[in-house]
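S.K.: Put together the whole structure using the sequences plus the hints.
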Amino acid sequence: MAFLCRTALRQQSFRPFLSHSQPLRRLASATKPLKATAAAIQEVSHDDASTSFFPGEYPGPSLKTSLPGPQTKSAMLELHQVFDTRSLNMVADYRKSFGNYIADLDGNVYLDVYAQIASIPLGYNNPHLAEIS
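The opening residue of the sequence shown carries number 3 in this note's numbering; numbering runs sequentially from there.
Rather than coming from a laboratory, the hints here were simulated on the basis of the structure.
The reader is advised that the hints may include incorrect statements.
[To be verified] Below, a list of computed lysine to any residue pairs in the SDA-like style, where the Cα atoms sit at most 25 Å apart: (1) 66 - 103; (2) 75 - 88; (3) 66 - 79; (4) 66 - 112.
[Said to hold, decoys possible] Okay, the calculated beta carbon distance ranges per label pair: (5) 82 - 121: 21 to 31 Å; (6) 72 - 133: 27 to 37 Å; (7) 76 - 135: 24 to 34 Å; (8) 86 - 121: 16 to 26 Å; (9) 83 - 130: 35 to 45 Å; (10) 94 - 61: 13 to 23 Å.
Nothing here was measured: the structure is a model prediction, and the numbers come from that model.
For each residue, glycine too, the CB sits at the ideal point set by N, CA and C.
M.R.: Following this line, the structure appears as structure tokens:
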């Protein structure tokens with residue numbers, strides 16, 4: 003909390019918000035929504051957290067081969083003929099990817115915590131989207 007107060011006092015954008023007489027009290031009142039959110043997160047039971055949004059979703063990540071696997075290495079060599087693959091570490095198989103999990107060509111399944119850098123927040127092969135499309 004002290005770090006937040008020091009940082010807020012240094013930043014010009016917070017100076018009008020903070021009066022010189024009561025900066026800590028005003029900053030503490032501004033953090034009440036954050037405290038409420040943290041309390042709500044703590045109230046979620048472990049049973050709720052383990053429930054999947056997608057029926058049939060992978061139970062968790064699984065590795066079947068070394069990384070990258072043989073099929074991925076082969077695909078990387080083929081792709082290297084047309085573009086630079088030095089930064090490539092996997093080749094996704096979107097047909098096998100489901101929910102929050104992305105699969106590679108070798109059948110390895112990874113938890114995609116970034117959701118393709120937030121471009122698919124509804125999950126891979128979302129059955130609800132497939133139903134309405």
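S.K.: Any hints this thing doesn't respect? Which numbers, in order?
M.R.: none
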